[in-house]
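Participant: Given next are the chains, with one letter for each unit.
2 protein chains.
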Amino acid sequence: MVKVIFLGTGSGMPTLKRNVSSIALIFTNSNKLWLWDCGEGTQHQIQKTSLKLSKLEKIFITHLHGDHIFGLPGLLASRGLRGGQGQKEIQVFGPEDLEAYLEETQKITKTYVPYKIEIKIIPKDFSEGIIYEDEDYLIRYAEVIHNFATYAYSIEKKERYRFLVEEAKKCNIPAGPVYGALKRGEKVRLPDGRIFYGSDFIARVEKSKKIVFSGDTIFCKNLINLAKNADLLIHEATFSQQEEDLARRNFHSTTVIAARVAREAEAKLLILTHISPRYSSNNKSGVREKDLLSEAQRIFPQTLLAEDFMEYEV
Amino acid sequence: MVKVIFLGTGSGMPTLKRNVSSIALIFTNSNKLWLWDCGEGTQHQIQKTSLKLSKLEKIFITHLHGDHIFGLPGLLASRGLRGGQGQKEIQVFGPEDLEAYLEETQKITKTYVPYKIEIKIIPKDFSEGIIYEDEDYLIRYAEVIHNFATYAYSIEKKERYRFLVEEAKKCNIPAGPVYGALKRGEKVRLPDGRIFYGSDFIARVEKSKKIVFSGDTIFCKNLINLAKNADLLIHEATFSQQEEDLARRNFHSTTVIAARVAREAEAKLLILTHISPRYSSNNKSGVREKDLLSEAQRIFPQTLLAEDFMEYEV
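Chains A and B, in that order, give the protein sequences.
Using numbering that gives the first Met the number 0, the first residue of the first sequence is number 0, and each one after it goes up by one.
Using numbering that gives the first Met the number 0, the first residue of the second sequence is number 0, and each one after it goes up by one.
Simulated from the structure, these hints should not be mistaken for laboratory data.
Note that beta-carbon positions come from the ideal geometry of N, C-alpha and C, so glycine has one too.
Incorrect hints may have been included.
Counterexamples of contact, computed for chain A against chain B with all Cβ distances above 12 angstroms [what the hints assert, rightly or not]:
1) L15
2) K57
3) Y100
4) T104
5) K109
6) I129
Under 8 angstroms between C-beta atoms, here's a sample of chain B residues computed to sit facing chain A [as the list claims (entries may be wrong)]:
7) P13
8) G40
9) Q46
10) F69
11) P72
12) G73
13) L80
14) D96
15) A99
16) E103
17) T108
18) D124
19) G128
20) I129
21) F147
22) L304
Below, computed lysine to any residue pairings styled on SDA-like, alpha-carbon distance capped at 25 angstroms [to be verified]:
23) A:K156 - A:A180
24) B:K109 - A:T110
25) A:K119 - B:K106
26) A:K106 - B:K119
27) A:K47 - B:K16
28) A:K47 - B:T48
29) A:K186 - A:D199
30) B:K47 - A:F308
31) A:K123 - B:I107
32) B:K16 - A:L15
33) A:K2 - A:A180
34) B:K16 - A:T110
35) B:K109 - A:K186
36) A:K47 - B:G192
37) A:K109 - B:Q46
38) B:K109 - A:I144
39) A:K57 - A:K115
40) B:K106 - A:A148
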């Protein structure tokens with residue numbers, strides 16, 4: 000289905016090991032690329048992978064803090080420089096003011112982009128909803144709790160069904176419009192009086208899959224709902240449980256909060272990201288990155304700690 | 000005097016070898032850091048050196064194209080995060096709209112910076128002038144010719160003089176106010192009728208030094224004036240001489256233009272920077288980076304081609 004590549008797994012500012020926030024979603028069949036967030040240097044990270052800016056179709060922004068969007072103007076400009084004329088349009092989804100940010104930045108810097116940028120703003124009046132849907136995928140948003148309007152996103156691959164034509168034939172059901180009705184799951188009465196139910200002629204060939212990205216947040220029930228039964232929950236864990244107060248003051252999660260959300264949502268796997276730079280070197284608490292993982296695993300064993308360029312297929 | 004470290008030597012968009020524009024000036028005695036331009040990822044480049052953001056005092060922006068300033072908001076934010084409270088203020092110099100760019104970006108992204116940012120705008124009505132001066136250094140700007148208001152900058156270390164106190168003593172000149180007058184180079188008449196000239200009691204102990212950075216420009220006489228007798232001229236050379244038309248259409252210089260400016264300015268050394276990504280891989284002209292250097296050296300032999308992290312001491 001979708002491969003997740005972590006492009007930036009740090010919080011606030013880049014370090015040599017962790018860039019600021021960005022997650023790539025690659026559709027393994029089509030090679031098309033979507034992004035969640037776009038911190039400074041995201042285009043540089045992309046250059047270190049096999050990903051192609053020309054394949055980039057959609058960007059979903061969780062919130063407008065700099066470490067999540069300062070890479071957006073440069074990435075959009077480079078996509079234009081690299082691709083020449085006739086490039087496909089791009090869609091950027093995010094909170095109010097995303098449009099002002101892009102417009103002001105591009106106006107002042109006279110950035111010319113030779114393709115259309117469609118900006119889709121999440122409506123302020125709703126704490127959850129659907130922001131995008133196509134034949135195969137559904138993207139939902141849910142407002143989370145940060146010191147800035149912030150949204151979590153889920154991407155769901157829709158279930159796929161196959162019409163069991165051989166079963167229909169066995170029952171001597173005539174091909175044509177009746178097949179269509181059965182495919183749509185309808186109840187059908189034939190001229191000979193027999194009744195058939197669509198559900199008997201449909202087999203699920205692909206299960207729904209769901210990946211959820213928390214954005215920046217404290218413990219949030221809205222997020223638990225969004226992440227219900229997710230195959231993968233990517234949750235911020237800026238701080239160690241030992242710095243719970245600091246996390247709360249900064250409207251961020253600890254490892255344990257992320258693990259509790261994963262447990263309550265009954266997610267299959269949790270990946271921690273948005274790790275504070277403080278754990279990469281000496282700090283007075285003495286906490287190291289490996290400790291972060293242990294803290295979460297005590298509550299939710301199916302947990303991984305993201306690293307830049309880590310890949311995970313769902 | 001000053002060490003120049005090239006942080007980004009590419010043009011337009013980053014490549015794996017060349018980041019977008021930024022040049023660091025390090026004052027070898029004090030370790031203080033100034034920057035010329037600040038493309039996206041400049042803070043990442045700084046992390047790969049021994050430079051410290053906490054030592055950053057001044058940033059000079061040549062113009063507001065994205066590849067010269069998209070790294071500025073993130074760098075200023077990280078300086079704040081890293082340094083905590085009580086940090087020294089910073090000065091940012093540049094063209095009109097620099098203030099709007101920083102204000103809009105910081106407002107929309109709610110970036111809090113715990114130190115003062117003093118923005119100094121180059122007055123629109125002058126094509127050259129002094130934008131900063133202290134006891135030791137003088138920074139001049141000169142408008143150059145690009146498709147955007149763009150300025151070249153020079154940094155000049157002032158000459159230093161020593162008062163030859165032992166000579167004054169030999170002449171039995173009484174210490175006190177007369178010494179002061181001689182230090183200032185004045186003519187002095189003593190009560191006994193003798194006349195002395197300050198110039199006889201002053202020795203130059205340090206020559207003036209000058210480094211000039213062109214910004215983005217085509218051939219420009221204003222720049223030649225600014226760069227007169229420079230110890231180091233850093234000149235953009237986006238294109239090969241073989242793509243002269245392309246250079247002209249994009250208001251950029253070729254290698255040969257950079258070399259002609261260096262020759263006419265009688266600079267001691269020329270370093271080419273702002274190299275187009277097209278020369279890092281196959282392109283139809285077949286020109287490679289080493290060819291760029293040869294093109295310039297045929298006209299101005301004392302030429303180097305900048306690379307990211309190259310250092311040069313003046």
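Participant: So which of the earlier hints does this model not fit?
Facilitator: 1, 3, 4, 5, 18, 19, 20, 22, 33, 35, 36 and 37
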